[in-house]
Structure formats: C-alpha cells, structure tokens
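Residue numbering for the sequence shown follows our numbering, starting at 705 and increasing by one per position.
Derived by calculation from the structure, the hints in this document are not laboratory data. Be aware that one or more of the hints could be misleading.
To be verified - Distance condition first, Cα-Cα at most 16 angstroms in a straight line; then the derived EDC-like pairs of lysine to aspartate or glutamate:
| hint | residue 1 | residue 2 |
| --- | --- | --- |
| 1 | Lys910 | Asp1228 |
| 2 | Lys910 | Asp813 |
| 3 | Lys910 | Glu1130 |
| 4 | Lys1212 | Glu1334 |
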Amino acid sequence: MSHRTALKALLSHWWRNPLQLFTLLIGLALATALWSGVQAINAEARASYGSAASQVAQTQFDTLVSAEGQDMTISDFVTLRRAGWLVSPRILGSLSTTEDFELQVLGVDALTAPREAMTGDLQSLPLNQFFSGPGFALISEDARAAVTALGLGFSVEETLPSQTALVDIGVAARLLEREDRIDQLLVLPDQPKDLPALDKVMPHLKMLSPQATGDDIARLTDSFHLNLTAFGLLSFAVGLFIVYGAIGLAFEQRRAMFRTLRALGVSLRALIVLLLAELLIFATLAGMIGVLLGYLIAAALLPDVAATLRGLYGADVTGSLQIRASWWASGLGMAVGGTLIASAGTLFRLSRVALMEAGTPQAWVKAARRVMRVMAGLGCALLILAAILSATASGLTQGFILLGALLIGAAFLLPLLLDRTLAILEGCATSALRQWFWADTRSQVPGLSMALMALLLAIATNVGVSTMVSSFRMTFIGWLDQRLASELYVTVDTDAQAVAMRVQLDGKIDAILPIISAPAQLNDQTGEIYAVQDHPTYRDHWPLLNEAPNVWDRLQITGHALVNEQLALRAGLSVGDKVPSSQGQEIVGIYSDYGNPAPQVIIGIDAFRALYPEVPERRFGVRVAQDRIEDITEVLVNDIGIQPDAIANQARIKAMSLGIFEQTFTVTAA
C-alpha cells in the first residue's frame, strides 16, 4: 500500500467524525488564541515602553531637580547657562481636555534641547508655527482631538507615546499655567571643561543620574506581564489536555485501522510519520485560526490593559495593536509544539504494541497503564519540587514555578490514583454485577484521564484565582476605609485660599489636615517624603504593619519616620533601622501602601517644615460630620472660590480607587 493511500485512509476517519475534528481544531485554536493574545498584549506594551524611553523619558541624560522641594524657574536655567553649563529646560504636565482624555504635555526648548530629545530634526519643524503664540505640537495619533480643542497646529509623530503632545516650552507654560516655573533641566553630554561646581552656582539644585530618575517602566511592570504570561500558559496547558483527549479518542477508535494498515505492509515507522503529518496539518490550520483569534482577543483587551498599566504604574501604552512577528510566530510554534507534545504519549503507545495486538482494547489499556505509571512518577517529582520551592522560593518567577509544579504534579497523579481506587473497589465487590461495573469504569480511565486532568486544572485555577481576587478585594476595601479617613479632600490654588479656608471653616469642622510632600532620594530611588499632623485621624485609622511603642508620639519628634512596605522590603528595613536617605531618620513604623511602587517616608509636620520650608500647603483633608458635608462644600465653592472639581469627597475617591482595582483584574476575568 502506498503512503498516499494510507494517509487518505487515516484522514477518512475525520471526515466520518466531524465533531471530533471540530473538538481537536477548536481546542488547539483556543489554546493558541489565548497564548498568542497574551503575547500580543505584552509585545505591544513593551514596544510602547521602548518608544516612551527613547523619545520622551530621556533616561540617558543626567537631570537637575530641586534639592529642597522648591520650584525651579527660568532664572535657574539662565544662571547655569551663563556659568557655562550646557542644560536644557523641560516642563511636564497633563491636561484634562475631555472627560475621559488626559493629554500628557512635554515642553522643550528646541534651541537648547539635545537632538535625542526632539522627534525629528529642528530644521524640519515649521519654526514660525512652533514658536508662535498659538503654538505647534508634535502629537501621537490619538491626541488629534485634544490638541485641536487647545487651538494648536500639529503634526502626527508615530513614535510618540499615546496621549502625548510635544510643544515649545513657552506654549507648555501657558497651557499648564506655570508662569516661569520649570520641572527639570537636562544636562547635555560633552560639557565644557573647568565648569564651576553645581553647589556653588545653584546650591538648591541636585543632579540625578540616569538610573536614579525613576524606575524603568519595563522593569516596574515585569510582574504584571509575567502574571499575564502565566495565565496564558495555563490556558494553553488546559487547551492541550483537550487536544490530547481528542487525539487519544481518535487513536482509540482507529486501533483496528492501524492493525489493518500494518497487515497490508505499512511499516510502523511509516505509520507514525503519516500520523505526525496528519497532526501537523491540523496543528498548522488550528494555529493560524488561533493566531487570528488571539489578535481579536488582544485588540479587545488592550484598551483595558492600557488603562490598568496607566492607573497602576503611570505607563502609557498605545491603544492600537500591531501585528508583530514575535507573537504570531510564537503562537504558531506553540500550536505545533503543543500538538507534538499532546500526541507523544499516544504515538509511544502505538510504537510499543505488537502488530496483532494493535486492535485489542486490552493491549491499549495495558500500554496506557504503563504511561500512567510514568506520569505518576513525573507527578511525584513535580510535587517534591513544589515542596522544596515552598521552603526556598524568594522571587515571583520561582513562585509561579511552584504553582505550576503543584498543579501539573497533582494532575499527573490523578489517572493512576483513579485507576488504583477503582481497582480496590473492584476487588471489594461482592457480586458479579458490581464487579463488572467497577471493571468497566476502570477501563474508561485511559480514555477519560486527560479530560479529567483538564477539569482538575480548570477547577483548581478557577477556585484559586476567584479566592485570591475576592480576598484581595476585601483587604483593599478595608485598607481604603482606613486610609481615606477624611470626609473631604480639597486642593487650593493659592496660599490666600488656604488661609481663607481655615478662617471660614473655623468652628464648623473637626480639623483641617494638610497633605504635603517633597521628592527625595530613598534607597537610590526617587520617592516622596510626606508630613502628618498630630491628630487622632492618623492614630485611629492609619494601617501599620509593624510599629514601635508610642509610635505616633515619637513620629512628631524630629529624627523619627514611618516608611512604606515597599521601601522596607526592598532595603531590608525593620523598626529601629535608619531610613536610607540623607536625613537618616529612625524608623518607628512600617505601613501598607497598596498600588504605589515608589518608596515613601512619613515624618512629623514640624520636622518636614524645617527640611522643606518652601513647599506650599495646597492639599488638605477636612474632617467634618457627615450631615454637614454639603454645607461645607458650598462654603468652599461660594465663599472661598475653590473650583468644584478641586473638592473630592471620600465616597468619590473610594469609587475611583475601586474602579482602578477592578480594572486591574479585567484581563484575569477574561
């Protein structure tokens, strides 16, 4: 018999059993779709990080910022240039042009900016428009409407991050109402020799090296993408179990055909090659369908992922999806490789069965039980690995390996446990009918084992993830209730408004608590130092993970501080240690700080004012009785002139925070 005829005979099974063919193709396609969709999302996000880093972040330059939290001005730039320093000013800020669009504005001085800081050559810009009063912007594709509403001319620059506009620094100052204030100065390379020292020219400024300007977004979001990859891989594994079941059933039903083909002269090697060719045809077809479905899944989920990354990490990800070779090739490779893995056990059993036994169920069951024992051995090895990792794992990747080993190890043990349990029940049967029932049930285990393993993984993952998310939600809500103790949060525009607020509300409220902070270098990272006033609000509601005796009394004494959990874990700090900063306060407590990747320190308000006397008090928490919230809000708006959108009540902030939280798990739910 020719190999072509033998292949037709093998394929004829699928034409007679279209439901099996559909199960095989759809199982593999869905597994590939979930995997390739996750890879497409990750690839798009990482491409956006790279674009942002190369076009806007400018992490290759040293940066000058205020060392004392006070404003930097254009006069600082002029003084440094006159002293010989080659620096370029920048302004960064955001504008809410519509209800749901936040435009990121980057103002640069085109005449002094390094070439890498400009998108394109200066000569190619329409200079008469770029420096004009209305202004001209280089924008990302999705910022057209926002820039048009601002009355700016524009040109679309594809390499800019999403929701970004690059404008002249004067235009940025006007749009952001900065007057003569700037945010930072880029220090250009190749500075002149014999420059005067910075502390002599500008003692209130400090230089941040590229690695200290902030965490690299790609590294910051690695855990998020690892989480997506783990879910995609788990979904792919469950899909492979479905594929394995379909392949196993097809092989079971074609046992007699294999025996006939062998008897007609088809060698075992040729039969296995033909079966592999058949499976590769199906794998390629299902893989292409899966990649297409993965593209659709990624396109549907990418806006939610972008919103999550922007809300949690401040990372801008474009909302459009590009077809990249990395993820579609990965999808096809996983489809083909997964099919080969799923069929390996069945092909191995076929190669071990004698010619005349190939059509008998007993021979296949016997071979299947040998495979069960091998799988059980692998399962025991994986469970031992999980036990070792449970005592030694210290990183996120090792944690995922632990979970994977535990899940797959338990799944591999399931078929042998079922077989042994049914054998025991068969031996305990007291009648022929019962013995037949248990024996027949046991004979079904080889064919059903993979489906049951897939079900085990699906149920375990569903229960585990649902429990994790619900537990995290309850913890987060409890944390919000503690942290958001003030009934109103108010932001004023001027010191005069702050004074007027204190005068107008005197005797009408319980307390006005200033919320002030300043940037600082903490453990070689850019973080924030906050001040707290001595008030029962903090004593009664602030969540502390670890604390020294009389923590709140000691906090108001200069030289003592609270640190957030992130800083404590990264620097290996505990109560009694020193804060890794220039001030080096003694740590008297560690607090939880969900959703904030940056290090943070809290000190007493008197100590803060001594360190940062120029930092204005513009944000406040207002403690007021619930039944007086509306009256106090009217006073703030009508008598003091504070804008309504600068007043946020506790319920509004909780709703916004919970919205970000729910957004975080959108992809997980999908």
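Now for the hints, and whether the structure bears them out:
Using a Cα cut-off of 16 angstroms, the hinted pair Lys910 and Asp1228 holds, with the two alpha carbons roughly 14 angstroms apart. Annotation: proposed proximity of Lys910 to Asp813 is violated, straight-line Cα distance about 21 angstroms (limit 16 angstroms). For the suggested pair Lys910 and Glu1130, the alpha carbons sit about 80 angstroms apart, so the restraint of at most 16 angstroms is broken. Restraint check for Lys1212 and Glu1334: the C-alpha separation of about 12 angstroms stays at or below 16 angstroms, so the hint holds.
Violation of the numbered hints given earlier is confined to hints 2, 3; the remaining hints are satisfied by the structure.
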